[in-house]
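Colleague: Sequence:
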Amino acid sequence: MTDIIAALLMIGGTGFMLVAAVGLLRLPDLYTRMHAVTKAGTLGIGLLLVSAAVSFGEVSVTARALLAILFVFLTAPVSAHMIGRAGYLGTAPLWGETVFDDWGAGYEEVRREGEKEPPTETNARTQDVYGTPDSAA
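Just so you know, the numbering used here puts the end of the sequence shown at 137, numbered straight through with nothing missing.
To be clear, the hints were calculated from the coordinates, so they are not data collected in a lab.
You may find that some hints are simply not true.
[To be verified] Derived Cβ-Cβ restraints for the label pairs, each shown as a range:
(1) A68 x I11: 16 to 22 Å
(2) G57 x P28: 41 to 47 Å
(3) T14 x F73: 17 to 23 Å
(4) T2 x A92: 26 to 32 Å
(5) T91 x I11: 21 to 27 Å
(6) S79 x I4: 31 to 37 Å
(7) M1 x L67: 34 to 40 Å
(8) W95 x M1: 26 to 32 Å
(9) V59 x R85: 22 to 28 Å
(10) R26 x L66: 20 to 26 Å
(11) A21 x M82: 19 to 25 Å
(12) H81 x M1: 37 to 43 Å
(13) T62 x H35: 27 to 33 Å
Idealized CB from N, CA, C, for every residue including glycine.
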């Protein structure tokens with residue numbers, strides 16, 4: 001009976017991973033792709049780890065699987081948020097049919113603060129590649 005449950009969980013996990021892969025290929029922009037991969041990938045990994053825990057049936061394997069699931073469930077949303085924010089601030093284009101821009105003008109000021117003037121001939125030698133003053137000059 002545990003083999004059947006483990007197999008069903010494994011099929012469900014691979015199904016979610018397939019949905020994530022199809023979403024990555026079919027969706028139009030960074031934000032929708034990121035959403036599909038994060039949600040479906042997280043659920044797929046979670047189901048695969050639960051399947052491994054059920055299949056082995058040992059306390060140590062179950063504990064490791066639960067810790068791995070906890071780690072993925074805590075880090076995947078944070079990393080997706082950071083990728084989305086970096087894409088938005090880096091002006092990754094929204095899909096043409098996007099109806100509502102939640103961040104809108106709220107990040108325009110942050111974008112302007114992040115921009116630096118391009119180095120001129122006079123200050124190019126005194127700045128390193130990150131735009132900070134070079135201590136050797």
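Colleague: For every hint, state whether the structure bears it out.
Modeller: Structure-based check of each hint:
1. A68 x I11: 16 to 22 Å: holds (20 Å)
2. G57 x P28: 41 to 47 Å: The hinted range 41 to 47 Å holds for G57 and P28, with Cβ atoms some 44 Å apart.
3. T14 x F73: 17 to 23 Å: The hint (17 to 23 Å, Cβ to Cβ) holds, given that T14 and F73 are roughly 19 Å apart.
4. T2 x A92: 26 to 32 Å: Violated, since T2 and A92 (Cβ atoms, about 45 Å apart) do not stay within the stated range.
5. T91 x I11: 21 to 27 Å: violated (41 Å)
6. S79 x I4: 31 to 37 Å: holds (34 Å)
7. M1 x L67: 34 to 40 Å: Violated, at about 26 Å.
8. W95 x M1: 26 to 32 Å: About 46 Å separates the Cβ atoms of W95 and M1, which means 26 to 32 Å is violated.
9. V59 x R85: 22 to 28 Å: Given about 40 Å between the Cβ atoms, the range is violated.
10. R26 x L66: 20 to 26 Å: This hint is violated: roughly 33 Å between Cβ atoms.
11. A21 x M82: 19 to 25 Å: Since the Cβ atoms of A21 and M82 sit about 22 Å apart, the hinted range of 19 to 25 Å holds.
12. H81 x M1: 37 to 43 Å: holds (40 Å)
13. T62 x H35: 27 to 33 Å: holds (30 Å)
Consistency with the previously given hints fails for numbers 4, 5, 7, 8, 9 and 10, ordered from lowest to highest.
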